[in-house]
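Asks: Each chain, letter by letter, is given below.
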Amino acid sequence: MATGTHIDNSSRTKGGSAGGSPAPAGGSPALAPLRRLRRHAVVLAGAASLLYLLLPNVVVMLFSFNKPAGRFNYDWRAFSTDAWTDPCGVADMCGSLGLSLQIAVLSTLVATAFGTFAAFALARYRFRGKGTGNALIFLPMAMPEVVMGASLGTLFLNTRVAFGFVTILIAHIMFCLSFVVVAVKARVMSMDPRLEEAARDLYAGPVQTFLRVTLPLAAPGIAAGAMLSFALSFDDFIITQFNAGPSTVTFPMFVWGAAQRGVPVQVNVIGTAMFLIAVAIVLGGQIAAGRRRRQA
Amino acid sequence: MTTTLPASAGASPPPGPAGPADSSGPSDGAGTSARSRRRLTPYWLLLPAGLWLAVFFVAPFFYQASTSVQSGSLEEGFRVTWDFTNYTDALATYAPHFLRSFLYAATATLLCLLIGYPLAYMIAFRAGRWRGLLLVMVIAPFFTSFLIRTLAWKTILSDAGPVVSVLKSVHILDVTSQLGLTGDDRLLATPLAVVCGLTYNFLPFMILPLYSSLERIDLSLHEAARDLYAKPATVFRKVTFPLSLPGVVAGTLLTFIPASGDYINAQLLGSPNTQMVGNAIQKQFLNVLDYPAAAAMSFILMAIILIVVSVYMRKAGTEELV
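Heads up: the protein sequence lines correspond to chains A and L, in order. Heads up: the first sequence runs through residues 1 to 296, numbered per the UniProt record's numbering. Heads up: the second sequence runs through residues 1 to 322, numbered per the UniProt record's numbering.
Derived from the structure by calculation, the hints contain no laboratory data. There may be inaccurate statements among the hints.
[Stated by the list, open to error] In silico SDA-like pairs for lysine to any residue, Cα to Cα no more than 20 Å straight-line:
hint: 1; chain 1: L; residue 1: Lys283; chain 2: A; residue 2: Arg261
hint: 2; chain 1: A; residue 1: Lys130; chain 2: L; residue 2: Tyr43
hint: 3; chain 1: L; residue 1: Lys283; chain 2: A; residue 2: Gly257
hint: 4; chain 1: L; residue 1: Lys283; chain 2: A; residue 2: Gly245
hint: 5; chain 1: L; residue 1: Lys283; chain 2: A; residue 2: Leu34
hint: 6; chain 1: L; residue 1: Lys283; chain 2: A; residue 2: Ala259
hint: 7; chain 1: L; residue 1: Lys315; chain 2: A; residue 2: Ala259
hint: 8; chain 1: A; residue 1: Lys130; chain 2: L; residue 2: Leu47
hint: 9; chain 1: A; residue 1: Lys67; chain 2: L; residue 2: Ala160
hint: 10; chain 1: L; residue 1: Lys283; chain 2: A; residue 2: Phe163
hint: 11; chain 1: A; residue 1: Lys130; chain 2: L; residue 2: Arg39
hint: 12; chain 1: L; residue 1: Lys283; chain 2: A; residue 2: Leu157
hint: 13; chain 1: A; residue 1: Lys67; chain 2: A; residue 2: Gly89
hint: 14; chain 1: A; residue 1: Lys130; chain 2: L; residue 2: Lys283
hint: 15; chain 1: L; residue 1: Lys231; chain 2: A; residue 2: Leu34
hint: 16; chain 1: A; residue 1: Lys67; chain 2: A; residue 2: Ala259
hint: 17; chain 1: L; residue 1: Lys238; chain 2: A; residue 2: Trp256
Sequences are here, hints too, so could you generate the full structure?
Replies: So this is what it looks like as structure tokens:
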């Protein structure tokens, strides 16, 4: 956490020296703005990239206040807050939203628990088969989603499992696991083992050490893994489409269907709300962490 | 993976022998059984996740392998006939789809690198105390559904939209039409729109690994280079970029692999002439219900990706990705 201020300082010295060195070589004052532009080229390019990243979110937000003429919400017609006052005014949309939330919560719980166990095994122990374990965890992240979705779908077809809620849940837990393991493993590997040794030296039992020292230290990694798996599960479309069957419609599947039939403005409302809620949570977490750091 | 072993070995102090302090095992017999139990601990910890992945990730590939050599029809049922025509048919019929997939994915990956590098660099070295906020803004677009954001590009790139009119006024669309990237003075339903969508959707997968490798660079190396009279460009070429290579490799893989299998962008922003192999697999599996064809195609896709990735990783010579 102290690195933040450290970097801050050195970047300031860097800016100073970069400003100093070209000046004697540059010469003519007419070129000064050009030089300044060049020095800030990286910042300008970075800002442009950021705008590119955020542009669709701005459009989604803007068009949540649109009053479209036809079924498709692609052209701006008139300002209206109708969609915001009646977000569930579209048939089936809020039902699919609830289903997505249910699936995301359940698969996050299971994937986070299983993934955390596995991360501790892979980060803390040396054992035969560790390489295989690592590869098994890594592979789902290195596989295109169509391939995973189609092959899991083929398994369910061959074993005559009925497609629906359970098959979606199984698929989501499957692809969330790896991301949880990676997030938790990174955290556990960076933890100082001496803290746990100290706890044991102070006569803490294994359970006490784990609950009072290990778990609180690993918590940020576990939280990151859980958030990631919630976001991935909530947003997944490709794997879900192959494993959902015709009657179970998650929110992304609803949007996909709507893209063919006509996208209601309410979809933009949900998109905007998701964006704002998530940003608020993350910023709140950052502010809280910053305050804790200042108190410490 | 081997490089991590010493670290993790250090992190796992063999708690058994260390312990007169935690003297839970009084007699010798109890001590050894506790030790053997401890030896089994990692396996118990790995069991739930490992079993889940074995049953729902590995086993499906065997089912799919057997499906890919089946023949028959939906009415009469499919039987394993060791008929490899599924593979040859898929290649004959969908060669353009495969070609397009890898071409689009490679272009999008390159664009992601060009667009993502300055941003990752800025956050790592120039952001100061804004760093946390900027990282949030990189991840933030993720929070709105992938599909909703892709539909937003339909609005941005629409024929009457500002992007098309600007590009038209500076005659860029004429050039891209000559190159076959666009046609009829429009962006939607052209290869350019699909590549734009792919680039946008996978950009965070490029930025985050780039950032984490740039952030790890020791800034005294930059100072040393400048002290040795290296120009900023030289510092970048000889110090920063080589040190960020692990991030470049991880980022390009994380963009290229999912992009080559994606069918959402090609479906929503493209036309029948811009369909990728993902679209073909999806159609065979969910609409035509020709499961053997879909299985054969996804095996071919997987094989090509494995070859491309292993060649690339050998060329890039990276050690540790996981």
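Asks: Each hint needs a verdict: does it hold in this structure or not?
Replies: Taking the hints in turn, this is what the structure says about them:
1. Lys283(L) / Arg261(A): 18 Å, holds
2. Lys130(A) / Tyr43(L): 9 Å, holds
3. Lys283(L) / Gly257(A): 15 Å, holds
4. Lys283(L) / Gly245(A): 14 Å, holds
5. Lys283(L) / Leu34(A): Not OK: Lys283(L) and Leu34(A) at ~53 Å, beyond 20 Å, violated.
6. Lys283(L) / Ala259(A): It holds: about 17 Å lies between the C-alpha atoms, which stays within 20 Å.
7. Lys315(L) / Ala259(A): Given that 20 Å is the threshold and the Cα spacing comes to 42 Å, the pair is violated.
8. Lys130(A) / Leu47(L): 12 Å, holds
9. Lys67(A) / Ala160(L): 18 Å, holds
10. Lys283(L) / Phe163(A): 18 Å, holds
11. Lys130(A) / Arg39(L): 13 Å, holds
12. Lys283(L) / Leu157(A): 16 Å, holds
13. Lys67(A) / Gly89(A): 14 Å, holds
14. Lys130(A) / Lys283(L): Answer violated: Lys130(A) to Lys283(L) is near 39 Å, above 20 Å.
15. Lys231(L) / Leu34(A): 17 Å, holds
16. Lys67(A) / Ala259(A): 17 Å, holds
17. Lys238(L) / Trp256(A): Distance ~47 Å between Lys238(L) and Trp256(A) Cα, so the pair is violated.
Hint compliance for this structure: hints 5, 7, 14 and 17 are not met, and every other hint is.
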